[in-house]
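S.K.: First to last, the sequence lines map onto chains A and B. The letter at position 228 of the first sequence is residue 228 when you use my numbering, and the numbering goes up by one with no holes. The letter at position 132 of the second sequence is residue 1132 when you use my numbering, and the numbering goes up by one with no holes.
Just so you know, nobody snuck in bad clues.
Quick list of the computed label-pair ranges, beta carbon to beta carbon:
(1) Asp-51/A - Pro-1193/B: 31 to 39 Å
(2) Leu-146/A - Ala-1057/B: 49 to 57 Å
(3) Ala-1057/B - Ala-40/A: 34 to 42 Å
(4) Leu-200/A - Glu-1208/B: 32 to 40 Å
(5) Val-1248/B - Arg-145/A: 55 to 63 Å
These are computed hints drawn from the structure, not numbers from a lab. From the three backbone atoms N, C-alpha and C, an ideal C-beta is built for every residue, glycine too.
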Amino acid sequence: MPIAAVHIPGVHVPAMHIPDGFINAPVSAIAGAIAIAGIAVCIWGARRQLDEKTAPLAGLVAVFVFAMQMLNFPVAAGTSGHLLGGALAAILVGPYAGALAVSVVILVQGLLFADGGLSALGLNIINMALLTAVVGWAVFRLVIRLAGTSRPAVIAGSFAAGFVAVPVASLMFVLEYALGGTGTISVSTVLVAMTGVHVLIGIGEGLITALTVGAVYLTRPDLVYGVHDRRARTLEIRTATTAGA
Amino acid sequence: MPTTHHHGHDVGERLYVHVHTPVHALPAEVKTVAMVAFVFAVIATPNNQFWAFGAYAAILVALAAISRIPARTIVPRMLVEVPFVLFAILMPVLGPAPKVEVLGLSLSSAGLLAGWGILIKGTLGVVCSILLAATTPARDLLLGLERLRVPQLIVQIAGFMLRYVHVVGDEMHRMSLARQARGFQATGVRSWPVLAQSGGTLFIRSYERGERVHLAMLSRGYTGRMPELSSHVTTGRDWATGLMLPAVAAAIAICAWLASR
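Extracted from the complex, chain A is given alone in its bound form:
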């Protein structure tokens, strides 16, 4: 289960990561190798985008995502959901730095908090960091390209990004389950149940993503990287315009 953003009342369950023993050893190991390759690409991309600024900025974004996952959004009858944040991070700081930040969150959760199995680190990073960031980014950029950069368009794009990214991540989980699942529930049942649940979770993810990006866009539109998509600019000396003086 990549993600079931559901809270049992009284018990804080940050996010449901794949535990050990859910996917067999060979598929887990291959996923680990793919995740390493994906992270290598993200490091290359983030360095190009942010240079030596990468570590502090991606670090603080990782803290932000981690903190956002603690923020409970009440749904009904004592249940509440929380953000996963892959699409949000990608929209705000770009796909590379965003994926890197969420990957580190998952790494730390696995190593320190026992959240997600040690053998399933690769699987969880692929599903919840790399894939959600890439898909969220692609969807957001598509909407921006079609609808422009007005605030409603940015909000709509953010909703679409969160809404699409979560079910796609759950489809990846179903693929992993089909390849190396140790359960006896048939792949088709898992497919139906997972996609069904994650379309609902995706609506929540989309709403929170849209509201959060909308709030940032209102006060600091320059911080929404997905709208500008520009490399770090070097300082330039401009001639002062003194017209009217």
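Knowing the structure of chain A, use the given hints to seat chain B on it.
M.R.: Only chain B this time, still in chain A's reference frame:
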């Protein structure tokens, strides 16, 4: 005599149990590799070899005893596995025929075995992570990752995360207090815009903090690499000690494979 006292306030300190044992003394990278390899041996073990899982559990109990990590530390942290326990319980109910009768319920025998496998492997894995975090300070864990050639950038991002998690967490807590002081109560979906507004503000503050931290680091001579502060050398003996764990586990896994043939 101890030179590795950590009484800081980063997130790992709340998980770390400070005692002096041979397990605590092992270098972090050795423990990390040993635990990951151990977990892979566990998940590669056929579900029907019950004795093997008993042996793994005994090893972990012994390890907890040697590291003097009490059960009252381990058990509450195991709550993270509650959601997949529910999933494991579904396996026998939804599994395929043939069905067996257990306590008046008709359960799938293959599903029972698979559910048991998920439950026991997941539980052993969770205990592994808990033991790792309880015997290794977070910053040592990061240093260990660096010695394992994990890219510096990843280690640095994780370092920033651990260093600032309480700063940002406290920021979030202050915002929540401020919301409550204004009479706000999160009741349902209608309160989401307010919460998301806080989230947006939290992002701006985190990002700006990141920029300030970066400038402060630049002014102290940062060029993209962190200086190596510890001169620790991991010996072959450390590796030999640590890798006994996965070696025993691998032997058990191989025996279990042969026995299940």
